Amino acid sequence: MDQDMTFSFNLPTVLVLASAITGFIWLLDSLFFAKKRRQEQKKEPLLVEYSKSFFPVIFIVLLLRSFLVEPFRIPSGSMMPTLLVGDFILVNKYTYGIRLPVLNNKVIDVGKPERGDVFVFRYPLNPNIDYIKRVVGVPGDIIDYRDKVLYVNGQPMQKTTLGIYQGVGSGERETGSKEHVENLAGIEHATLTHPSAPNLPRGCAVLSRGPVKIPDRTYFAMGDNRDNSNDSRCWGLVAEKHLVGKAFAIWMHWDSNRDGLPIAWNRLGTCLLYTSPSPRD
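Each residue of the sequence shown is one higher than the last, beginning at 1 in our numbering.
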(Lines of atoms letter the chains of each structure in order from A; the text may use other names.)
(Lines give C-alpha, C1' and ligand atoms only; values in the text may rest on other atoms or scores of the structure.)
Protein backbone atom coordinates (compact mmCIF):
# COMPACT_ATOMS: atom_id res chain seq x y z
CA MET A 1 0.00 0.00 0.00
CA ASP A 2 1.06 3.55 -0.68
CA GLN A 3 2.30 5.78 2.08
CA ASP A 4 1.94 9.55 2.11
CA MET A 5 4.15 12.54 2.87
CA THR A 6 7.30 11.89 4.92
CA PHE A 7 9.82 14.45 6.12
CA SER A 8 13.35 13.74 7.35
CA PHE A 9 13.44 16.77 9.67
CA ASN A 10 10.99 18.89 11.63
CA LEU A 11 10.73 22.11 9.62
CA PRO A 12 8.51 23.98 12.13
CA THR A 13 11.09 23.39 14.87
CA VAL A 14 13.88 24.61 12.57
CA LEU A 15 11.95 27.78 11.72
CA VAL A 16 11.12 28.51 15.37
CA LEU A 17 14.73 28.02 16.45
CA ALA A 18 16.08 30.08 13.56
CA SER A 19 13.63 32.90 14.32
CA ALA A 20 14.48 32.82 18.02
CA ILE A 21 18.26 32.80 17.48
CA THR A 22 18.40 35.52 14.80
CA GLY A 23 15.86 37.66 16.67
CA PHE A 24 17.76 37.33 19.94
CA ILE A 25 21.07 38.31 18.32
CA TRP A 26 19.46 41.35 16.70
CA LEU A 27 17.75 42.40 19.98
CA LEU A 28 20.88 41.86 22.06
CA ASP A 29 22.96 43.93 19.68
CA SER A 30 20.37 46.74 19.58
CA LEU A 31 20.17 46.96 23.39
CA PHE A 32 23.82 46.67 24.37
CA PHE A 33 26.27 47.07 21.48
CA ALA A 34 24.87 49.03 18.52
CA LYS A 35 24.97 52.50 20.10
CA LYS A 36 28.56 52.18 21.30
CA ARG A 37 29.65 50.73 17.96
CA ARG A 38 28.15 53.68 16.08
CA GLN A 39 29.91 56.13 18.37
CA GLU A 40 33.20 54.40 17.74
CA GLN A 41 32.35 54.10 14.03
CA LYS A 42 33.02 50.38 14.05
CA LYS A 43 31.71 48.02 11.41
CA GLU A 44 28.71 45.87 12.24
CA PRO A 45 29.71 42.25 12.97
CA LEU A 46 28.85 39.80 10.20
CA LEU A 47 26.73 37.67 12.56
CA VAL A 48 24.59 40.68 13.47
CA GLU A 49 24.27 41.70 9.82
CA TYR A 50 23.08 38.25 8.81
CA SER A 51 20.68 38.05 11.75
CA LYS A 52 19.08 41.40 10.88
CA SER A 53 18.72 40.30 7.26
CA PHE A 54 17.36 36.81 7.83
CA PHE A 55 15.12 37.30 10.88
CA PRO A 56 12.24 39.10 9.10
CA VAL A 57 12.23 36.58 6.25
CA ILE A 58 12.33 33.53 8.54
CA PHE A 59 9.71 34.97 10.86
CA ILE A 60 7.29 35.78 8.02
CA VAL A 61 7.72 32.28 6.56
CA LEU A 62 7.05 30.81 10.02
CA LEU A 63 3.84 32.84 10.41
CA LEU A 64 2.55 32.04 6.93
CA ARG A 65 3.37 28.34 7.19
CA SER A 66 2.02 27.94 10.72
CA PHE A 67 -1.20 29.92 10.52
CA LEU A 68 -2.20 30.47 6.88
CA VAL A 69 -1.03 28.15 4.08
CA GLU A 70 1.48 25.31 3.87
CA PRO A 71 2.64 23.59 0.66
CA PHE A 72 2.97 19.81 0.35
CA ARG A 73 4.07 17.44 -2.41
CA ILE A 74 2.18 14.21 -3.10
CA PRO A 75 4.65 11.26 -3.30
CA SER A 76 2.16 8.37 -3.53
CA GLY A 77 -0.96 7.27 -5.39
CA SER A 78 -3.27 6.72 -2.41
CA MET A 79 -5.49 9.66 -3.41
CA MET A 80 -5.63 8.89 -7.14
CA PRO A 81 -7.32 9.97 -9.32
CA THR A 82 -8.03 13.17 -7.33
CA LEU A 83 -4.34 13.71 -6.51
CA LEU A 84 -1.53 12.31 -8.61
CA VAL A 85 2.08 11.54 -7.72
CA GLY A 86 3.95 14.80 -8.24
CA ASP A 87 1.09 17.16 -7.40
CA PHE A 88 2.08 20.14 -5.26
CA ILE A 89 -0.86 21.20 -3.13
CA LEU A 90 -1.76 24.08 -0.83
CA VAL A 91 -3.22 23.38 2.61
CA ASN A 92 -5.27 25.87 4.60
CA LYS A 93 -3.85 25.85 8.14
CA TYR A 94 -6.57 27.84 9.94
CA THR A 95 -9.77 26.11 8.71
CA TYR A 96 -9.65 23.54 11.52
CA GLY A 97 -8.40 25.95 14.17
CA ILE A 98 -5.26 27.98 14.80
CA ARG A 99 -2.50 25.93 16.40
CA LEU A 100 0.84 26.86 17.90
CA PRO A 101 3.82 25.72 15.79
CA VAL A 102 5.78 22.73 17.13
CA LEU A 103 3.43 22.26 20.13
CA ASN A 104 0.38 21.84 17.83
CA ASN A 105 -1.93 23.02 20.62
CA LYS A 106 -5.11 24.63 19.30
CA VAL A 107 -5.51 28.17 20.65
CA ILE A 108 -8.45 29.41 18.54
CA ASP A 109 -11.32 27.17 17.43
CA VAL A 110 -12.31 28.17 13.88
CA GLY A 111 -13.98 25.10 12.34
CA LYS A 112 -13.99 21.34 12.04
CA PRO A 113 -13.47 18.85 9.20
CA GLU A 114 -16.56 18.13 7.14
CA ARG A 115 -17.47 14.99 5.26
CA GLY A 116 -15.83 15.17 1.83
CA ASP A 117 -12.87 17.36 2.85
CA VAL A 118 -9.42 16.43 1.55
CA PHE A 119 -7.34 16.91 4.67
CA VAL A 120 -3.78 16.58 5.93
CA PHE A 121 -3.09 15.09 9.35
CA ARG A 122 -0.24 13.62 11.32
CA TYR A 123 -0.23 9.82 11.02
CA PRO A 124 -1.56 8.55 14.38
CA LEU A 125 1.00 5.72 14.56
CA ASN A 126 3.92 8.06 13.77
CA PRO A 127 3.16 11.79 14.12
CA ASN A 128 6.38 12.68 12.29
CA ILE A 129 4.68 11.59 9.04
CA ASP A 130 1.99 13.67 7.34
CA TYR A 131 -0.86 11.85 5.61
CA ILE A 132 -3.47 13.13 3.18
CA LYS A 133 -6.86 11.45 2.80
CA ARG A 134 -10.54 12.30 2.46
CA VAL A 135 -12.90 12.69 5.41
CA VAL A 136 -15.67 10.12 4.97
CA GLY A 137 -16.88 9.99 8.57
CA VAL A 138 -17.37 12.73 11.18
CA PRO A 139 -18.33 12.40 14.87
CA GLY A 140 -21.62 10.55 15.24
CA ASP A 141 -21.44 8.80 11.85
CA ILE A 142 -21.55 5.04 11.44
CA ILE A 143 -19.11 3.91 8.72
CA ASP A 144 -19.01 0.62 6.88
CA TYR A 145 -17.37 -0.60 3.65
CA ARG A 146 -18.80 -3.69 1.96
CA ASP A 147 -18.28 -5.01 -1.55
CA LYS A 148 -16.30 -1.85 -2.33
CA VAL A 149 -19.24 0.38 -1.46
CA LEU A 150 -18.99 3.00 1.30
CA TYR A 151 -21.90 3.13 3.73
CA VAL A 152 -22.52 6.21 5.89
CA ASN A 153 -25.17 5.85 8.59
CA GLY A 154 -26.49 2.75 6.87
CA GLN A 155 -26.90 4.42 3.49
CA PRO A 156 -24.75 3.36 0.50
CA MET A 157 -22.88 6.23 -1.14
CA GLN A 158 -23.97 6.10 -4.77
CA LYS A 159 -21.25 5.88 -7.39
CA THR A 160 -21.27 6.03 -11.16
CA THR A 161 -18.67 4.01 -13.06
CA LEU A 162 -16.91 6.03 -15.76
CA GLY A 163 -14.86 3.21 -17.25
CA ILE A 164 -11.34 1.81 -17.12
CA TYR A 165 -8.73 4.18 -15.75
CA GLN A 166 -5.63 4.96 -17.80
CA GLY A 167 -2.78 6.08 -15.59
CA VAL A 168 0.14 8.21 -16.70
CA GLY A 169 3.67 8.69 -15.37
CA SER A 170 4.12 7.40 -11.83
CA GLY A 171 0.44 6.46 -11.75
CA GLU A 172 0.63 4.16 -14.75
CA ARG A 173 0.47 1.09 -12.49
CA GLU A 174 -3.17 1.96 -11.71
CA THR A 175 -4.12 1.41 -15.36
CA GLY A 176 -6.91 -1.15 -15.46
CA SER A 177 -8.64 0.06 -12.32
CA LYS A 178 -12.25 1.18 -12.56
CA GLU A 179 -12.86 4.91 -12.20
CA HIS A 180 -16.02 6.09 -10.47
CA VAL A 181 -17.70 9.28 -9.35
CA GLU A 182 -18.88 8.80 -5.78
CA ASN A 183 -21.56 10.99 -4.24
CA LEU A 184 -20.44 11.35 -0.64
CA ALA A 185 -23.58 12.82 0.91
CA GLY A 186 -23.71 15.58 -1.69
CA ILE A 187 -19.97 15.91 -2.39
CA GLU A 188 -19.00 14.35 -5.71
CA HIS A 189 -15.43 13.12 -6.14
CA ALA A 190 -13.53 10.53 -8.14
CA THR A 191 -12.43 7.13 -6.82
CA LEU A 192 -10.59 4.07 -8.11
CA THR A 193 -11.20 0.39 -7.39
CA HIS A 194 -9.49 -2.63 -8.87
CA PRO A 195 -11.69 -5.59 -9.89
CA SER A 196 -9.27 -8.24 -8.64
CA ALA A 197 -8.49 -6.63 -5.27
CA PRO A 198 -10.19 -7.83 -2.06
CA ASN A 199 -12.88 -5.77 -0.37
CA LEU A 200 -10.39 -4.34 2.15
CA PRO A 201 -6.71 -3.61 1.44
CA ARG A 202 -4.31 -6.23 2.76
CA GLY A 203 -3.69 -5.84 6.49
CA CYS A 204 -6.76 -3.65 7.05
CA ALA A 205 -9.01 -5.15 9.71
CA VAL A 206 -10.77 -2.19 11.37
CA LEU A 207 -14.02 -2.77 9.45
CA SER A 208 -13.69 -6.55 9.24
CA ARG A 209 -15.92 -6.96 12.30
CA GLY A 210 -18.66 -4.61 11.06
CA PRO A 211 -19.58 -0.92 11.08
CA VAL A 212 -17.70 1.60 13.21
CA LYS A 213 -19.33 4.51 15.05
CA ILE A 214 -17.19 7.65 15.08
CA PRO A 215 -16.67 9.13 18.59
CA ASP A 216 -16.38 12.85 19.33
CA ARG A 217 -13.22 14.62 18.17
CA THR A 218 -12.27 11.84 15.74
CA TYR A 219 -12.66 11.30 11.99
CA PHE A 220 -12.68 8.39 9.57
CA ALA A 221 -10.23 8.92 6.67
CA MET A 222 -10.06 7.03 3.39
CA GLY A 223 -7.97 7.40 0.26
CA ASP A 224 -9.78 7.86 -3.05
CA ASN A 225 -7.66 5.01 -4.44
CA ARG A 226 -9.72 2.58 -2.39
CA ASP A 227 -7.69 -0.59 -3.01
CA ASN A 228 -4.28 1.05 -2.54
CA SER A 229 -4.56 3.27 0.52
CA ASN A 230 -3.30 2.89 4.07
CA ASP A 231 -6.12 4.63 5.93
CA SER A 232 -8.63 4.40 8.78
CA ARG A 233 -9.69 0.95 7.60
CA CYS A 234 -6.19 -0.21 8.60
CA TRP A 235 -5.10 1.78 11.67
CA GLY A 236 -8.23 3.46 13.04
CA LEU A 237 -9.47 7.00 13.48
CA VAL A 238 -7.83 10.42 13.18
CA ALA A 239 -7.97 12.38 16.43
CA GLU A 240 -8.58 16.12 16.35
CA LYS A 241 -5.15 16.73 17.91
CA HIS A 242 -3.50 15.29 14.78
CA LEU A 243 -5.19 17.64 12.28
CA VAL A 244 -2.92 19.79 10.10
CA GLY A 245 -5.25 21.47 7.61
CA LYS A 246 -7.56 21.31 4.61
CA ALA A 247 -6.15 20.89 1.10
CA PHE A 248 -7.76 23.31 -1.33
CA ALA A 249 -5.72 23.59 -4.55
CA ILE A 250 -3.01 22.11 -6.78
CA TRP A 251 -0.47 24.78 -7.67
CA MET A 252 2.09 22.64 -9.55
CA HIS A 253 2.56 19.15 -10.94
CA TRP A 254 5.98 17.65 -11.62
CA ASP A 255 6.42 13.95 -12.37
CA SER A 256 9.74 12.92 -13.95
CA ASN A 257 8.20 9.59 -14.99
CA ARG A 258 5.77 11.22 -17.40
CA ASP A 259 6.36 10.89 -21.13
CA GLY A 260 7.57 14.18 -22.57
CA LEU A 261 7.41 17.20 -20.27
CA PRO A 262 7.24 16.36 -16.53
CA ILE A 263 4.79 19.23 -15.96
CA ALA A 264 1.06 18.61 -16.38
CA TRP A 265 -0.15 22.11 -17.19
CA ASN A 266 -3.83 21.16 -17.04
CA ARG A 267 -3.55 20.34 -13.31
CA LEU A 268 -2.22 23.75 -12.27
CA GLY A 269 -4.86 25.68 -10.35
CA THR A 270 -7.17 22.66 -9.84
CA CYS A 271 -9.53 23.30 -6.93
CA LEU A 272 -9.96 20.49 -4.40
CA LEU A 273 -12.97 21.84 -2.55
CA TYR A 274 -15.35 19.88 -4.78
CA THR A 275 -13.80 17.35 -7.09
CA SER A 276 -15.23 15.22 -9.83
CA PRO A 277 -12.87 13.30 -12.13
CA SER A 278 -9.50 15.03 -12.07
CA PRO A 279 -8.06 16.26 -15.38
CA ARG A 280 -5.15 14.30 -16.78
CA ASP A 281 -3.24 14.16 -20.06
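Think of the hints as simulated: they come from the structure by calculation, not from any bench. The structure presented is a predicted model; accordingly, all values stated were derived computationally and were not measured. Treat the hints with care, since some could be wrong.
FRET-style restraints, in silico, Cβ to Cβ [as the list claims (entries may be wrong)]:
1) G176 <-> D216: 21 to 27 Å
2) Y94 <-> V57: 57 to 63 Å
3) H194 <-> I108: 38 to 44 Å
4) I21 <-> P127: 23 to 29 Å
5) L64 <-> N153: 34 to 40 Å
In silico DSS-like cross-links for lysine-lysine, where the CA-CA straight-line distance does not exceed 30 Å [to be verified]:
6) K52 <-> K36
7) K148 <-> K213
8) K148 <-> K112
9) K106 <-> K148
Each residue gets a CB set at the ideal place from its N, CA and C atoms; glycine is no exception.
Cβ distance range 34 to 40 Å for L64 and N153, holds or violated: holds (39 Å)
K106 paired with K148 [C-alpha distance capped at 30 Å]: Since the Cα atoms of K106 and K148 sit roughly 36 Å apart, the hinted pair is violated (cutoff 30 Å).
If you draw a straight line from the CA of K148 to the CA of K112, is it 30 Å or shorter? holds (27 Å)
C-beta pair Y94, V57: status relative to the range 57 to 63 Å that was hinted: Since the Cβ atoms of Y94 and V57 sit about 22 Å apart, the hinted range of 57 to 63 Å is violated.
At the C-beta level, are H194 and I108 separated by a distance inside 38 to 44 Å? holds (43 Å)
Verdict for G176, D216 (Cβ pair) under range 21 to 27 Å: Violated: the Cβ-Cβ distance is about 41 Å, outside 21 to 27 Å.
Would the pair K52 and K36 pass a check requiring their Cα atoms to be no farther apart than 30 Å? Satisfied, since the Cα-Cα distance of roughly 18 Å is no more than 30 Å.
Measuring from beta carbon to beta carbon, are I21 and P127 in 23 to 29 Å? holds (25 Å)
Regarding the pair K148 and K213, is the alpha-carbon distance no greater than 30 Å? holds (19 Å)
Hint compliance for this structure: hints 1, 2 and 9 are broken, all remaining hints hold.
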